[in-house]
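Whenever a hint applies, use it, and build me the whole structure from the sequences.
Same order as they appear, the protein sequences are chains A and B. Position one of the first sequence corresponds to residue 10 (our numbering), numbered consecutively onward. Position one of the second sequence corresponds to residue 10 (our numbering), numbered consecutively onward.
Worth flagging that the hints you see were computed from the coordinates, not collected in a lab. Among the hints, a few may not be true.
You can't tell identical chains apart in this list, so a pair holds if it fits in one copy or across any two.
Each computed SDA-like pair below joins lysine to any residue, with the alpha-carbon atoms no more than 25 Å apart [to be verified]:
no.	residue 1	residue 2
1	K301	R159
2	K295	H83
3	K62	G278
4	K295	R187
5	K62	E232
6	K295	L153
This one's a predicted model, so the numbers in the text were calculated from it and none came from an experiment.
Chain residues, written in single-letter form:
There are 2 protein chains.
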Amino acid sequence: MAEVESIGADLGGTKLAVGVVDGRPEALWQEEVPSKGYSQERVVNLLAQQINKAHQARPTASSVGVGIPATLDHETGHAISTVNLDLEDLPIREMLSRETRLPVAIDNDGNLAMLAEALYGAARGTSNALLLTIGTGIGGGIWLNGEIYRGSTGAGAELGHLVVEIDGHPCQGNCPNRGCVEAMASGTAIGRHGREAAEREPDSLLGRRLAAGEEIDARAVNEAATAGDQAAIGAIDLAGHYLGQALVGLSNVFQPEVIVLGGGAIAFGELLIAPARREVEKFALKPMNETKVVAAELGPSAGMIGAAAYGRMEAEAA
Amino acid sequence: MAEVESIGADLGGTKLAVGVVDGRPEALWQEEVPSKGYSQERVVNLLAQQINKAHQARPTASSVGVGIPATLDHETGHAISTVNLDLEDLPIREMLSRETRLPVAIDNDGNLAMLAEALYGAARGTSNALLLTIGTGIGGGIWLNGEIYRGSTGAGAELGHLVVEIDGHPCQGNCPNRGCVEAMASGTAIGRHGREAAEREPDSLLGRRLAAGEEIDARAVNEAATAGDQAAIGAIDLAGHYLGQALVGLSNVFQPEVIVLGGGAIAFGELLIAPARREVEKFALKPMNETKVVAAELGPSAGMIGAAAYGRMEAEAA
Numbered sequence: 010m011a012e013v014e015s016i017g018a019d020l021g022g023t024k025l026a027v028g029v030v031d032g033r034p035e036a037l038w039q040e041e042v043p044s045k046g047y048s049q050e051r052v053v054n055l056l057a058q059q060i061n062k063a064h065q066a067r068p069t070a071s072s073v074g075v076g077i078p079a080t081l082d083h084e085t086g087h088a089i090s091t092v093n094l095d096l097e098d099l100p101i102r103e104m105l106s107r108e109t110r111l112p113v114a115i116d117n118d119g120n121l122a123m124l125a126e127a128l129y130g131a132a133r134g135t136s137n138a139l140l141l142t143i144g145t146g147i148g149g150g151i152w153l154n155g156e157i158y159r160g161s162t163g164a165g166a167e168l169g170h171l172v173v174e175i176d177g178h179p180c181q182g183n184c185p186n187r188g189c190v191e192a193m194a195s196g197t198a199i200g201r202h203g204r205e206a207a208e209r210e211p212d213s214l215l216g217r218r219l220a221a222g223e224e225i226d227a228r229a230v231n232e233a234a235t236a237g238d239q240a241a242i243g244a245i246d247l248a249g250h251y252l253g254q255a256l257v258g259l260s261n262v263f264q265p266e267v268i269v270l271g272g273g274a275i276a277f278g279e280l281l282i283a284p285a286r287r288e289v290e291k292f293a294l295k296p297m298n299e300t301k302v303v304a305a306e307l308g309p310s311a312g313m314i315g316a317a318a319y320g321r322m323e324a325e326a327a
Numbered sequence: 010m011a012e013v014e015s016i017g018a019d020l021g022g023t024k025l026a027v028g029v030v031d032g033r034p035e036a037l038w039q040e041e042v043p044s045k046g047y048s049q050e051r052v053v054n055l056l057a058q059q060i061n062k063a064h065q066a067r068p069t070a071s072s073v074g075v076g077i078p079a080t081l082d083h084e085t086g087h088a089i090s091t092v093n094l095d096l097e098d099l100p101i102r103e104m105l106s107r108e109t110r111l112p113v114a115i116d117n118d119g120n121l122a123m124l125a126e127a128l129y130g131a132a133r134g135t136s137n138a139l140l141l142t143i144g145t146g147i148g149g150g151i152w153l154n155g156e157i158y159r160g161s162t163g164a165g166a167e168l169g170h171l172v173v174e175i176d177g178h179p180c181q182g183n184c185p186n187r188g189c190v191e192a193m194a195s196g197t198a199i200g201r202h203g204r205e206a207a208e209r210e211p212d213s214l215l216g217r218r219l220a221a222g223e224e225i226d227a228r229a230v231n232e233a234a235t236a237g238d239q240a241a242i243g244a245i246d247l248a249g250h251y252l253g254q255a256l257v258g259l260s261n262v263f264q265p266e267v268i269v270l271g272g273g274a275i276a277f278g279e280l281l282i283a284p285a286r287r288e289v290e291k292f293a294l295k296p297m298n299e300t301k302v303v304a305a306e307l308g309p310s311a312g313m314i315g316a317a318a319y320g321r322m323e324a325e326a327a
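Listed below in structure tokens is the structure:
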């Protein structure tokens with residue numbers, strides 16, 4: 010039997026996905042709009058507008074869950090700070106409740122993608138699992154003893170800001186550190202690795218595209234790799250090496266049953282996942298070297314589906 | 010009122026501490042013997058012998074807890090593998106129960122030091138805390154929602170094998186990886202940093218001691234640092250930088266209330282802890298940069314006290 014309909018919103022560094030689901034991992038209604046470079050005020054307005062639009066499309070939806078790429082105060086629903094968007098010290102739950110007149114629950118976007126994969130996807134049936142969402146940045150979620158682990162005040166699970174290269178490349182946005190896995194293996198980093206490879210190997214497909222004035226970003230790297238360009242494949246492999254070393258550390262620390270890799274960069278598929286998995290098999294301690302490393306099953310909608318599930322769970326618990 | 014007496018054994022890479030406690034964090038009886046370089050058989054014999062000696066000293070003690078620096082199968086009490094000792098695929102709980110005729114509970118040494126600090130020490134009253142024991146290697150324990158987190162089959166919480174320098178210095182013993190925080194900030198690593206500083210600065214106290222043929226290990230570095238030698242202080246500071254970068258990652262991932270630093274290397278005191286704490290304050294995301302970084306309160310007996318507490322808890326639960 011279908012459950013109550015709920016609205017899920019997944020705010021990323023470049024786009025906002027809003028959808029309506031009813032307890033199954035498929036959208037009854039869904040829309041995606043850009044969010045890149047938006048001011049704090051415009052992001053909140055956009056969220057309210059898209060949630061209201063979803064509610065008009067599915068008027069029986071009775072709750073809202075919102076995933077945002079920020080550290081949060083779980084008690085108050087305040088966004089504390091965010092790496093790749095302009096959200097700082099913002100009472101976002103309260104603002105959205107007022108604008109939408111629906112019960113709103115807020116959580117970190119990585120936590121909600123983890124929830125979705127644990128309920129419906131690649132971590133279904135596990136007690137302990139981790140998820141990394143690899144996009145503009147790298148977010149994450151922790152599933153421990155069958156629940157989302159959020160840290161002491163709900164800011165937890167910033168798995169992208171685990172250091173893998175001390176004094177390495179400066180991290181992104183508001184992260185003050187260097188050498189975080191986000192700085193070395195995110196979509197943004199893959200674009201950078203690709204540009205460096207293009208400069209080093211001007212005769213490669215990637216090198217010729219750079220010379221032709223094309224922008225070498227993650228998408229361009231993926232296209233060139235799909236066409237068999239070794240420079241592009243090497244750039245993705247390098248990101249997989251960094252990613253894998255972060256996963257070695259996380260496997261040693263958590264001994265999860267499975268690590269799920271999601272987010273936009275999963276478009277790279279096994280070109281990214283296979284080298285990361287190999288690192289865990291070769292370099293984690295026994296028995297953590299048996300930790301499974303798999304692609305997310307719910308695809309780019311995982312965050313939205315998890316947000317809707319969380320909104321419904323919180324509304325039912327209230 | 011004093012609780013039932015219990016025997017705790019803390020097996021480290023260089024020594025074995027066995028004691029008897031009664032539910033307060035002080036030993037009623039205690040003895041320490043070397044364990045460095047012992048074969049698997051000799052280590053088990055030594056454990057049985059010292060536990061029996063403790064039992065003779067305090068015959069009312071009715072349970073045993075043993076902390077070992079190994080990944081474990083929590084269900085069966087098997088040691089699976091260990092970085093700094095020769096324990097591989099060993100039914101250690103069963104062997105010790107037979108030899109001592111007491112109920113024996115086995116756990117990772119880092120988990121038990123964490124338990125002791127959470128019950129009686131620097132993490133008292135917290136719901137979420139981490140502990141790193143810095144000695145020959147680096148062990149760790151995770152206290153989440155008021156319980157020890159052990160990973161999927163009890164092998165979890167190898168916090169020392171979080172990578173901080175990709176492709177860095179080879180890690181120790183049976184760890185197949187490079188650049189783990191254990192390889193960069195353990196007592197062993199501090200000795201190495203000290204030798205490198207002594208070679209670079211032959212006029213320093215450490216340099217002169219090296220020239221005089223003295224062994225430059227963690228103890229020698231600590232002595233020279235206490236005498237004000239800048240080369241030695243710099244070697245400890247370097248370890249603090251690496252340690253701190255691991256703590257930045259762990260703070261971002263767990264958002265713990267406190268990170269407790271224990272183990273023998275805590276003899277370095279604020280020379281090691283202060284630079285590590287500074288990294289967290291400067292380089293963790295908001296609000297994880299507020300994570301407290303403090304010294305263990307129970308000193309070198311934490312592992313033994315936690316082992317005894319765990320032995321009693323498991324015997325009472327059985």
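Okay, the hints, checked on the actual structure:
1. Taking the shortest Cα distances, K301 and R159 sit within 25 Å of each other both inside one copy (23 Å) and across copies (18 Å).
2. Only between protomers do K295 and H83 lie at most 25 Å apart by alpha-carbon distance; the minimum there is 14 Å, versus 36 Å within a single protomer.
3. For a Cα distance limit of 25 Å, the shortest separation of K62 from G278 qualifies neither inside one copy, at 33 Å, nor across copies, at 58 Å.
4. Taking the closest pair of Cα atoms, K295 and R187 come within 25 Å of each other only across two copies (15 Å); inside a single copy the shortest separation is 29 Å, beyond that limit.
5. Taking the shortest alpha-carbon separations for K62 and E232, neither the intra-copy value of 34 Å nor the inter-copy value of 69 Å comes in at or below 25 Å.
6. When the C-alpha separation of K295 and L153 is checked against a cutoff of 25 Å, the pair qualifies both within a copy, at 20 Å, and between copies, at 23 Å.
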